[in-house]
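Here are the chains, one letter per residue:
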Amino acid sequence: MRIKTQTKGRIRRELDKRAPKLVETGKKTLILHGTKTSSVLNSVLTEIYHLKKGNSIKYSRKNDKIRPFESGGEASLEFFSLKTDCSLFVFGSHSKKRPNNLVLGRTYDHHIYDLVEVGIENFRSMESFSYDKKLAPQIGSKPFFAFIGEAFESVDELKHLKEVLLDLFRGEVVTNLNLAGLDRVYVCTAVSSNKIFFSHCALRLKKSGTVVPRMELVEVGPSMDMVVRRHRHPDDSLRKEAMKTAPELTKKKVKNVVKDDIQGKLGKIYIPDQKVGDMPLTNNVKGLKEERREAKMKGEDSKPTPKKQKQDAE
Amino acid sequence: MAETQYEVDLGNLLAFDAHHQFASPPSSREEIVKEALEQGTKLVQAVADALFNLPSTEDLEGPIVKLPAPTSKLPREKPLPKPRPPTKWEVFAQKKGIQKRNKEKLVFDEQTGSWKRRHGYDRVNDDNDIPIIEAKATDEPGTDPFAERRKEKKSKVEKQEKNRLHNLKQAQKAGALPSHIQLAATSLPITGTQTMPKKVSKDELQNVAGMAATSTASGGKFDKKLPGEKPQSMKRSIERLVCSDTTDFLPAVEGSGMGDMERQQTEKVLNKLISKNSHEILNVEKAVNMYNVKREKRQRKQGGGQSSSSSKFKPNKKSFKKTSHKGSSSNKGKSK
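In order, the protein sequences belong to chains A and B. Residues in the first sequence are numbered from 1 upward in steps of one, following the UniProt record's numbering. Residues in the second sequence are numbered from 1 upward in steps of one, following the UniProt record's numbering.
Any given hint might turn out to be false.
As the list claims (entries may be wrong) - Result set (DSSO-like, lysine-lysine): computed pairs, CA atoms no more than 27 Å apart in a straight line: (1) B:K173 with A:K244; (2) B:K82 with A:K253; (3) A:K268 with B:K82; (4) A:K17 with A:K240; (5) A:K253 with A:K240; (6) A:K17 with A:K142; (7) B:K173 with B:K105; (8) B:K66 with A:K206.
If you are wondering where the hints come from, they were derived from the structure by calculation, not from laboratory data. None of these values were measured; they are calculated from a predicted model.
Sequences and hints are given; from them, build the entire structure.
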């Protein structure tokens with residue numbers, strides 16, 4: 001193995017960012033389109049890009065070799081995912097059979113994990129909504145999600161779509177959240193068993209009597225109807241592997257600690273046997289050196305020290 | 001609209017109403033939008049209720065709340081990283097109980113009475129700066145102590161490199177190589193399960209082009225050449241025919257590419273071929289036939305009048321081709 005790598009600090013840090021981590025930070029999204037797109041689809045793609053401005057990449061060229069649902073047509077997608085380090089993708093295409101088609105997909109380890117294909121109908125872009133500009137949500141704020149309709153639980157495809165939409169728009173998973181920065185909601189309503197109404201609204205927090213402010217929704221963003229066309233579930237084995245969490249994150253048990261009512265917290269300490277042979281020798285062996293040197297000087301005169309007999313305790 | 005408890009996932013700021021049914025089925029679009037927003041408001045209110053009731057700390061920009069972990073699990077994007085096996089030193093240190101001690105960057109140098117850096121330019125205790133080494137009683141006369149010191153340093157560096165490679169090998173066995181090393185060593189992507197498409201080098205391309213050329217009937221002589229492509233030497237093409245699979249032959253121990261022994265072997269073979277079997281290389285009869293046929297065609301076309309103007313069809317051309325096979329290689333002509 002002839003490995004002589006001395007990458008500079010910056011390159012190494014960039015590579016470490018792309019390396020697998022125990023706890024994952026936000027996923028990046030790749031937005032691209034196929035050979036033919038319609039104006040509706042173009043605006044949908046640009047608006048999704050604007051919604052996810054900080055962590056998405058939009059390709060502007062057409063890509064003709066990509067067919068996500070066919071076995072050979074995924075190679076390009078996987079390659080792009082690898083190069084840009086994006087694990088989510090939004091692929092738009094337009095054909096007579098599938099007009100205004102949008103394929104939302106996820107990758108695991110840069111291989112296709114699952115796909116959902118939706119058709120866009122009744123699209124209204126961000127510009128068509130008029131509202132007070134002060135309410136406009138900021139880029140990168142953590143959104144609320146509202147899913148309405150029992151179909152999201154009962155229908156398999158809608159359940160899948162719900163998961164994918166959550167993954168797409170979620171942003172980073174954070175522990176500390178600033179409550180003043182909450183300003184957007186994604187509202188998804190199941191209109192029928194294969195159609196949902198998707199809308200992006202800004203939040204207005206109004207004063208109410210209690211600590212909790214009163215929420216008011218103002219439609220700002222793109223709104224569209226999504227008709228689920230096809231979808232592909234991940235393999236069972238792949239799903240099991242992808243859902244694994246780090247073993248260290250499981251709960252920790254504290255052993256040998258007992259809470260006593262009278263004495264309080266008690267602990268038991270077990271001291272293992274001393275292994276004299278393995279104990280670290282001190283570096284300071286000058287004493288031994290002197291002895292040894294004297295012994296050498298004296299030559300064969302001195303007898304070897306007699307072995308100490310084991311004596312019983314007195 | 002029965003309003004039972006919504007499913008609230010605080011970690012994701014998600015609220016799911018599983019029990020909502022539209023009171024009146026497909027009404028106009030505006031109605032749907034209105035109802036969606038209404039329901040959405042209710043759901044968001046529910047989440048906000050739970051959210052604002054969490055213990056919050058005051059900050060400059062607003063109250064900061066500690067979110068719980070999300071309940072709806074989503075798949076990872078990359079596999080879990082495998083823990084790195086401890087290095088040789090780490091194992092030893094753990095066994096002996098050696099603690100890590102961070103050293104300071106500046107050390108006081110007694111000789112100059114100033115603070116010098118520990119590593120780098122003008123360092124403390126620089127090995128190269130010692131002017132005089134006193135001889136010990138154990139030293140033999142005639143040995144150069146400075147050279148000894150240099151050798152010792154070199155052996156230490158080599159030992160360290162050996163240990164480093166050993167540690168990397170152990171890490172690779174466990175599947176936990178650091179990302180920049182995996183990228184460099186095997187040109188596999190970081191996540192390790194996909195092979196990159198192999199980039200074809202210039203030599204490989206030349207080889208392939210040569211192979212394609214030699215497999216044609218005319219030996220690639222009349223193939224259209226791309227700009228920048230050099231015409232192949234005959235020796236090279238025979239070489240290619242003889243030793244196509246260089247890896248199966250002698251080991252290229254003497255460095256990359258063809259080793260010295262292999263080169264000698266191919267030279268031998270080539271010489272034998274050229275000198276002895278030249279009549280087997282080119283199918284002379286076929287070549288002669290081809291030329292004769294062409295010549296006759298032309299003659300028939302021109303009405304048999306100017307057969308003497310067959311300047312192009314020099315009979316010498318055949319022998320020209322023949323002589324090019326005998327003896328040393330020339331740049332013209334190709335073997336079949």
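- Item | Hints the structure fails to honour | Of the numbered hints given earlier, those the structure breaks are 3 and 7, listed in rising order.
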